[in-house]
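Could you put together the complete structure from these sequences and hints?
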Amino acid sequence: MSGPTAVAYRITSARERLEDAQRRWRRLLGRSRAHSLRCNAFECPDLLVTEPESAPARDAETLEAACTRLEERIRDAESRLENRLVRQRSRRVEHDLSGLLDDLARREAAASAPVARPQAPDLDVPARVSRILASLSEDSPELTAAASAALRAEPHRTRLLLADLDARARAANRRCARRREQRLELEQLRCEAAGLDDPSAVSAQLRQADAALDGGGDAAAVLEHARITLERLTVAARAERDRRFVLSAVTESLAELGYHVAPVELDTADSIVLRPNRTGTHAIRARVSDDEIDLHTVRTGPATDREADRDADAALCAEVEPLLDELRRRGIQPGRVRRLPPGSVTPPEVRLTTPAAQTKRKAAPRTIDRSTS
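Just so we're aligned: 220 in this note's numbering is position 220 of the sequence shown, and the numbers increase by one with no gaps anywhere.
The set of hints was computed from the structure by calculation and includes no laboratory data.
Small disclaimer: the values here were computed from a predicted structure and weren't measured.
From the three backbone atoms N, C-alpha and C, an ideal C-beta is built for every residue, glycine too.
Some hints here could point you the wrong way.
Taking CB as the label site, the calculated pair distances span [as the list claims (entries may be wrong)]:
no., residue 1, residue 2, range
1, R80, E154, 17 to 25 Å
2, F42, A269, 45 to 53 Å
3, Q333, A221, 20 to 28 Å
4, G335, A236, 18 to 26 Å
Below is the structure:
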């Protein structure tokens, strides 16, 4: 037999799997919105991905399948957009350089090729310039002007100008890729932060990152701060949701065993008092921490003798194993159980309140919260 009891617990993988799927879903929404920004920037509304208004399921398996389908749609739309942009860039380069290419062809036809370009007889300048400009991820008037200069240059300077143009184009593409990655991360963080009760701290940092990107700057440092803030708040929120989930499960489990919630004056968000009948002198207080459920006897009436306290502890002991079975049914895996002998601790007294007064208190919900939003 035992009295006060502490039960270590672990929330089963099914709930953790659901939370992971919900986080993946929010990140996919962020990826979809980053893609939408590119579609709007390049006037390709037909390649937008329609976003569901909310997560399509509350069980992990169904939500994971929905995530996979959404990811495939996004990946397909991204690929189609990139292919279209490549074709558009090729046509634009051809259009922008057509006059210069014609002029170059006339100059080369009017001169003796071996004399005019003795140092680079195998260099196809127009093709090289076209390939470099077509490889750009974004339009660059500056590089287009540099390409025009390379086409007009004297033969002995052509190789140098082409090498410079190629290096500048690669650097521009790296900057563009970095901005795209940062924009993607920003939108993903924004969608993840929407799952917080109070996303204001993260949102303020993301607004700074947004402004930096809109101004053509680098947002890496701000995004790193936002990511750290989001992770800290997410961990804290998840721990709080887990505590509420476990406390609700304990409440429902004891209710299944015949206990009733006792309205007490000093109830807290992480504890609850239940008793087996509405007129007894003892009850059970359950308090949930991050990794343990604490169960102990409390007095709800006038001072009682030690024998009555021991009897109440013994009654608590008899409920432990049935309670553990009920918790397992509700997705909580009990671990190590620590017990004290009955009567070893004098039960504290809790003051009951009337139902009318109880309704005025802003008590925590007593139903299991299975959501993570």
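*Output the numbers, in ascending order, of every earlier hint that fails for this structure.*
1 and 3
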